[in-house]
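In the numbering used here, the protein residues as written are 4 to 834.
Among the hints, a few may not be true.
[Unchecked claim] Pairs of lysine-lysine residues, derived as DSSO-like cross-links and limited to a Cα-Cα distance of at most 27 Å, are as follows:
#1 Lys485 / Lys165
#2 Lys542 / Lys158
#3 Lys198 / Lys158
#4 Lys316 / Lys198
#5 Lys199 / Lys303
#6 Lys483 / Lys198
#7 Lys207 / Lys483
#8 Lys542 / Lys47
#9 Lys198 / Lys303
#10 Lys26 / Lys158
#11 Lys303 / Lys316
#12 Lys165 / Lys427
#13 Lys47 / Lys198
#14 Lys712 / Lys599
#15 Lys784 / Lys821
#16 Lys198 / Lys165
#17 Lys127 / Lys158
#18 Lys571 / Lys47
#19 Lys485 / Lys198
#20 Lys303 / Lys165
#21 Lys303 / Lys483
#22 Lys485 / Lys303
#23 Lys485 / Lys199
[What the hints assert, rightly or not] Ranges of calculated distance between the beta carbons of each label pair, as one might list FRET restraints:
#24 Gln359 / Glu467: 48 to 54 Å
#25 Asp42 / Gly666: 55 to 61 Å
#26 Glu332 / Glu421: 18 to 24 Å
Think of the hints as simulated: they come from the structure by calculation, not from any bench.
For every residue, glycine included, the Cβ atom is placed at its ideal position computed from N, Cα and C.
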Amino acid sequence: MTQDNAAHDGERATYDIAATETKWQRVWEELDPFRADDDSPREKRYALTMFPYPSGDLHMGHAEVFALHDVVARYWWQRGYEVLNPMGFDSFGLPAENAAIRNDEHPDTYTRANIAKSIESCKKYAASFDWSRTFNTSDPDYYRWTQWLFLEFFKRGLAYRKNSAVNWCPNDQTVLANEQVVGGVCDRCGAEVTKKELTQWYFKITDYAQELLDGLDDLEKTWPDRVVTAQRNWIGRSEGAHVDFIIAGRDEPVTVYTTRPDTIFGTTFMVVAVDSPLAAELVSDGQREAFEGYRDEVRKASDIERLATDRAKTGVDLGITAANPVTGEQIPVWATDYVLADYGTGAVMGVPGGDQRDWEFATTMGLPIVRTTEVPADFDGEAYSGEGATINSPAPGSAAPLDINGLPVAEAKSATIEFLEAQKTGKGTVNFRLRDWLLSRQRYWGAPIPIIHCPVDGEVAVPEDQLPVTLPMLRGSDLKPKGTSPLGGAAEWVNVACPTCGGPATRDTDTMDTFVDSSWYMFRYCSPHDDTQPFDSAKVNAWMPSNLYVGGVEHAVLHLLYGRFFTKVLNDMGLVDFREPWSAQLNQGFVINQGKKMSKSLGNGVDLGDQLGAFGVDAVRLTLVFAGPPEDDIDWANMSPEGSLRFLQRAWRLSGDVTSSPGADVSTGDLALRRTTARTVHDAAELVEAYRFNVMVARVMELVNATRKAIDSGCGPADPAVREATEAVSILLSLVAPYTAEEMWERLGHEPTVVRVGWPEVDEALLVEDTVTAVVQVRGKVRARLEVSPDVTEADLEAAAMADEGVQRAIDGAPVRKVIVVAPKLVNIVV
């Protein structure tokens, strides 16, 4: 292969991919074109991609998200903004710890080797990251401030400990969040998950539930619909009432939460979460053995599985009854798995006529079903929870003074709540599905929780001047899961003096969930080397909120919710002047192969390194961007990196054909080509800003073809319009195929680098069309194309169409029934 700078390259001329990549990597390393300047007078833009875990070399998923993200970041540079586009690594977590156990080493060894490889690969991939701002969450300089933030939350009452039943992986020996339990097993190791009672640390995210929900009203304008919907559902706000039921032989009532207090007349049973302390307290002696056996079985399932709509309903009768506070009727109390201990009060009134889960439970257990809302005539389902007139109040044989028959749902709810409050047996309330954030992990490779437990003073914060609380040096077999944190075995580290009283005390041996690390990293990028504070507030306020956040939809709920929560707390602390961290978000799809997720077991894996070696970085990037809308999945089996490479070589050859000098007067150039160039540049900007990157690439391909056609059809390589078009191609390709773009720019006689030369200027006059093409159809088939004025009248366009010889031949003397004119683009003649 050759790299020929002669004026006229043959159509077979190509550039050496490997040599070109090596060449420009050296140039970029020297010029450092993407280093963000905090003091630049240019308008700031913050391009953020989701914090990756350093798993080693890049894979196809990284290749896609970095290519898509880079289009926007590079576009902003070309538009004249100062762009912050940082990269770091979410480097704590189980993979490194498990690797250390296997290899009898420290997790940091594995982590740093992977980070070095990731950085090398990112640079080869030409991702436009500012490497001067890189940090890792496992660096003490970073997790010192993670611990500092934890203590600030602790001071504000937002970090607390409590005993609760949690998801437990017996293999990894650690707590799992709900989203880490898939099909009843650990998503990392596949072990069957159980429930375990543990005292754990929580962040009180529920204090911000309403604001987290309200904030979505603004974010829905710039965030993907499915992300906003997922967060709304996860927060799960509902309005209803707390209702007190008196249990026979018990002084304290059991309070239940219901969104439909108007259906209380249809309550034929009560269900209590089987794993709640309440259920264990209520069960009768005669039912205790059956209850405990059932509870042990249920604890093997995750909360997500228990809430699944297609899950068979099971339960055990607790052998007691409760009094309906409105009707006085005694109803049975059951323990079941479809109610969660931490939802509301852990007890629910069973209304099978209005709730499908209750209907299925009542049907399975042979319990009565009473409807309380009139069902539409065309309704053919089971439980009905829609609108309609209230019926069966009071219940047959009831002496209840509340009669809401005939009222619509909203009025019936209000009347019932008013009655309950007057009787002091209930109260209107708002409830959220959102639970507090469980952040304790019983593993080593994470940020230690900076709390000291003293038998005299209780939970004591580690003094700020003693931060960071660094991890003791454990490795290999020392890290093997033991049911408690491996840190518990480091006696010299655990046993310390109480900062308050000086007496013997012990460190907390849990580490923080890695979600904590990734909930504030975007702030740290603004001043990554500050050793006096977690971040410089002035710099954060200047750069943030980030203008775009790019990443996978699999993080639609928890990571994004936690980051939003952190931001609101930081705002309350006076550290930032905004309450949402990311102004806009873009999700990428998955890269699959042969219709399925890539997997070694399926034999359909695609090695990114092999693809880069065969076709080059630019061809792979172009293929991923051109494949379709960013949010769509990409099936690599249907992609053609070979075709992408052929196009890039055609574009590169244009730069060798141009013979006019830089700065040539383009006003004398071919007008048709200049119009095509102007329209392409104008449309490309709109397409990038609308995230229609694939269409932008298509327009660049059209411009390359138009330029080649102009050269070959007599315009000639010396025409300044050819230079203008080729320079525009180089600048536009710099967003997607940076190596090719740099080569073109250099061959066109310019100094490097093309990435910040600025967006091509567009003469607005060139965007004004002299003519447009009007299509004429007869009998639904195109019979003519007419070049007409953009402001042609309907009458003139119809006359021109009817006068066309091809149209007259198609009509062939048949009577014309109707002429439909859509000026200036269409004439449809019906004969």
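Status of each hint after checking the structure:
1. Only pairs whose Cα atoms come within 27 Å are accepted, and Lys485 paired with Lys165 is accepted, the gap being roughly 22 Å.
2. In summary, the hint linking Lys542 to Lys158 is supported, as the alpha carbons are separated by about 25 Å, within the 27 Å threshold.
3. At roughly 30 Å between alpha-carbon atoms, Lys198 and Lys158 are farther apart than 27 Å, so this suggested pair is violated.
4. At most 27 Å may separate the alpha-carbon atoms for a hinted pair to count; Lys316 and Lys198 meet this at roughly 19 Å.
5. At most 27 Å may separate the alpha-carbon atoms for a hinted pair to count; Lys199 and Lys303 meet this at roughly 10 Å.
6. At roughly 21 Å between alpha-carbon atoms, Lys483 and Lys198 fall within 27 Å of each other, so this suggested pair holds.
7. With a CA separation close to 31 Å, the supplied pair Lys207 and Lys483 exceeds the 27 Å bound.
8. Distance restraint check for Lys542 and Lys47: the Cα-Cα separation of roughly 11 Å lies within the 27 Å cut-off, and the hinted pair is therefore satisfied.
9. A hinted pair counts as satisfied when its Cα atoms are at most 27 Å apart, and Lys198 with Lys303 qualifies at roughly 6 Å.
10. In summary, the hint linking Lys26 to Lys158 is not supported, as the alpha carbons are separated by about 54 Å, beyond the 27 Å threshold.
11. For the hint linking Lys303 to Lys316, the alpha-carbon distance of about 16 Å falls within 27 Å, and the restraint holds.
12. The straight-line distance between the Cα atoms of Lys165 and Lys427 is roughly 30 Å, outside the 27 Å bound, and the hint therefore fails.
13. About 49 Å separates the Cα atoms of Lys47 and Lys198, which puts this hinted pair outside 27 Å; it is violated.
14. Straight-line distance between C-alpha atoms of Lys712 and Lys599 comes to about 41 Å, which puts the hinted pair past the 27 Å bound.
15. For a cut-off of 27 Å, the pair hint linking Lys784 to Lys821 stands: about 15 Å separates their Cα positions.
16. A hinted pair counts as satisfied when its Cα atoms are at most 27 Å apart, and Lys198 with Lys165 qualifies at roughly 15 Å.
17. Taken as a hint, the Lys127 and Lys158 pair is broken in the structure, with Cα atoms around 45 Å apart against an allowance of 27 Å.
18. For the hint pairing Lys571 with Lys47, the CA-to-CA distance comes to about 22 Å; that is within 27 Å, so the pair holds.
19. A C-alpha spacing of about 16 Å is found between Lys485 and Lys198, which places the hinted pair at or below 27 Å, so the restraint holds.
20. Distance check on the hinted pair: Lys303 and Lys165 sit about 21 Å apart at the alpha-carbon level, within 27 Å; holds.
21. Of the pairs offered as hints, the one joining Lys303 and Lys483 holds, with about 23 Å between alpha carbons and a cut-off of 27 Å not exceeded.
22. With a CA separation close to 20 Å, the supplied pair Lys485 and Lys303 stays within the 27 Å bound.
23. This hinted pair checks out: Lys485 and Lys199 have alpha carbons roughly 14 Å apart, not beyond 27 Å.
24. Range check, Gln359 to Glu467: about 53 Å between beta-carbon atoms, so the 48 to 54 Å window is met.
25. Our hint of 55 to 61 Å for Asp42 and Gly666 is violated, since their Cβ atoms are close to 32 Å apart.
26. Between Glu332 and Glu421 the C-beta distance comes to about 21 Å, which sits within the given range of 18 to 24 Å.
In summary, the structure is inconsistent with hints 3, 7, 10, 12, 13, 14, 17, 25 from the numbered list given earlier, while agreeing with the others.
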